[in-house]
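Enquirer: Listed here are the chains, written in short residue letters.
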Amino acid sequence: MFELFRELFSYSFVNRALLVGILVALCAALLGVSLVLKRYSMIGDGLSHVGFGTLAVAMSLNLAPLQVSIPIVLLAAFLLLRISESSRIKGDAAIALISSSSLAVGVVVIAMTVGMNADVCNYMFGSILAMKRSDVYLSVSVAAIVLVLFIFFYNKIFAVTFDENFAKAGGMKTGVYNMLIAFLTALIIVVGMRIMGAMLISSLIIFPALTAMRVFNSFKRVAVCAALLSVFCFFIGIVFSFALDTPAGASVVLVNLAAFGIFFAIGRIRKLA
Amino acid sequence: MGAILVCESVSVKYDTGFAVENVSFGIEAGDYLCIVGENGSGKTTLLKTIAGLICPAAGRVVLNGVRQNEVGYLPQQTPAQKDFPASVMEVVLSGRLGRGGRLPFYTKRDKALADGEISRLDIEGIKFDSYRSLSGGQQQRVLLARALCATDKLLLLDEPTSGLDPLIASELYRILENLNERGLTIIMVSHDVESAVRYGSKVLHMQTSKLFFGSQKDYAASDAGRRMLGNTAGGGAAYV
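Each protein sequence line maps, in turn, to chains A and B. By the working numbering, the letter at position 242 of the first sequence is numbered 242, and the numbering carries on one by one without gaps. By the working numbering, the letter at position 203 of the second sequence is numbered 1203, and the numbering carries on one by one without gaps.
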């Protein structure tokens, strides 16, 4: 066990993945509490697919992946939020449409670019090797911005999540905060996507919140528990990924699933007792 | 006391047509206005317009001596709220947010005010309980405490007693009566015409446009009022 950890930390790519991943896991869990409760989980899923498309295009054109993806995914966040708020278009169907289209664009671009096929699996399901040194600075600063903004606007995010109409009637600019949540989510998805994989990053948003809600009853406790749990599961997942040579994202998701199962059982037992 | 709220020929349009058409009325500080009408008559839409949630297609809502962030609003519950992990204190405190300006965190004064409303509504015992574990009546009290944190002038309520059993509902009406006696202006949307006439001082009967507006006494004597009240009395008599 000890040997495994020493070996783990001796690789700088693992350290990079852990550093970025833990920050991403933390932020994603916090945002997830709001997204899940607002019934906006689909937005996270949609954004990750758009992210996959932009990532593929950026790689095939030999451009810096993060710098290309961030503005486009931010734009997508704006659109997706608009779509899901509008009653005229059926929100979930429109999001599914955008998701699959972006995925298709990504896959076609990858197929057309010679020599990239081997990486498709990594894009989709995550790779512990994904973080280059230059990515780390940008990723860490983005994650830090998300964390600070979330804490700064915590009370307002609660109000908008719990009861948007009340908040709006009280004079709060709820549209601004909805957009803030969507933008922060977009940033975190782009940053976390290459470690977790485009197909799996949204689980980092949804799982910890849902898990924490099984057991905890106040918004603050749910948020804190989700954040801690998310970091813990991410770490364990990466250890598994390293030890068993499995895709990083998938390993993290499985650990999250196990945690959900445990919390679900605790919640049930508590209710019975 | 002057008019605290005036609606000037307010119309609200949805895709399917007018939800509210050309409604004008004014109420004074200290009034207790009940908005009644059938389902789909535009009651809730009108209240949302007054709350500033909907922009009227024509006309305007004028508030006098009350800023928009000094309006307390008790909306109908959303399905998402029923299973929302939040403590009572968290919910009540969020009523202070509109008043807090740019401060990111609650002040001691906010917390004291929230505590005050919690004890006024007699929900101290459940202060740290989870909102989702409460009964319907308790949840309404919590939401009322939150609305009172936002206002001491104008309170807007949307069907506050729907889904409550009669005893709990009448308790809630008593609380509202009490608040009104202490000078709070109340506008309540209700399908419960009898209680509306019993507790309210003024009645607005909606049917997309304004069918009746006036004191509760005049309403009971009017055609619209007799029909609504007569219906319920007739329905009751049929069971006897």
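If you are wondering where the hints come from, they were derived from the structure by calculation, not from laboratory data. Errors might be hidden in some of the hints.
Said to hold, decoys possible - Below, a list of computed lysine-lysine pairs in the DSSO-like style, where the Cα atoms sit at most 27 Å apart: (1) Lys-1111/B / Lys-156/A; (2) Lys-173/A / Lys-1217/B; (3) Lys-1127/B / Lys-1153/B; (4) Lys-271/A / Lys-1013/B; (5) Lys-1013/B / Lys-173/A; (6) Lys-156/A / Lys-132/A; (7) Lys-220/A / Lys-1013/B; (8) Lys-38/A / Lys-1153/B; (9) Lys-1111/B / Lys-173/A; (10) Lys-220/A / Lys-271/A; (11) Lys-220/A / Lys-1082/B; (12) Lys-1153/B / Lys-220/A.
Enquirer: Next, verify each hint and record whether it holds.
Expert: Going down the list of hints, with the structure as the test:
1. Lys-1111/B / Lys-156/A: holds, 16 Å
2. Lys-173/A / Lys-1217/B: Status violated; Cα separation ~40 Å.
3. Lys-1127/B / Lys-1153/B: holds, 25 Å
4. Lys-271/A / Lys-1013/B: violated, 47 Å
5. Lys-1013/B / Lys-173/A: holds, 23 Å
6. Lys-156/A / Lys-132/A: violated, 36 Å
7. Lys-220/A / Lys-1013/B: Distance ~40 Å between Lys-220/A and Lys-1013/B Cα, so the pair is violated.
8. Lys-38/A / Lys-1153/B: violated, 30 Å
9. Lys-1111/B / Lys-173/A: holds, 23 Å
10. Lys-220/A / Lys-271/A: holds, 21 Å
11. Lys-220/A / Lys-1082/B: Between Lys-220/A and Lys-1082/B the Cα gap is close to 17 Å, so the pair holds against 27 Å.
12. Lys-1153/B / Lys-220/A: Answer violated: Lys-1153/B to Lys-220/A is near 31 Å, above 27 Å.
Hints 2, 4, 6, 7, 8, 12, counting from the list given before, are not met by this structure.
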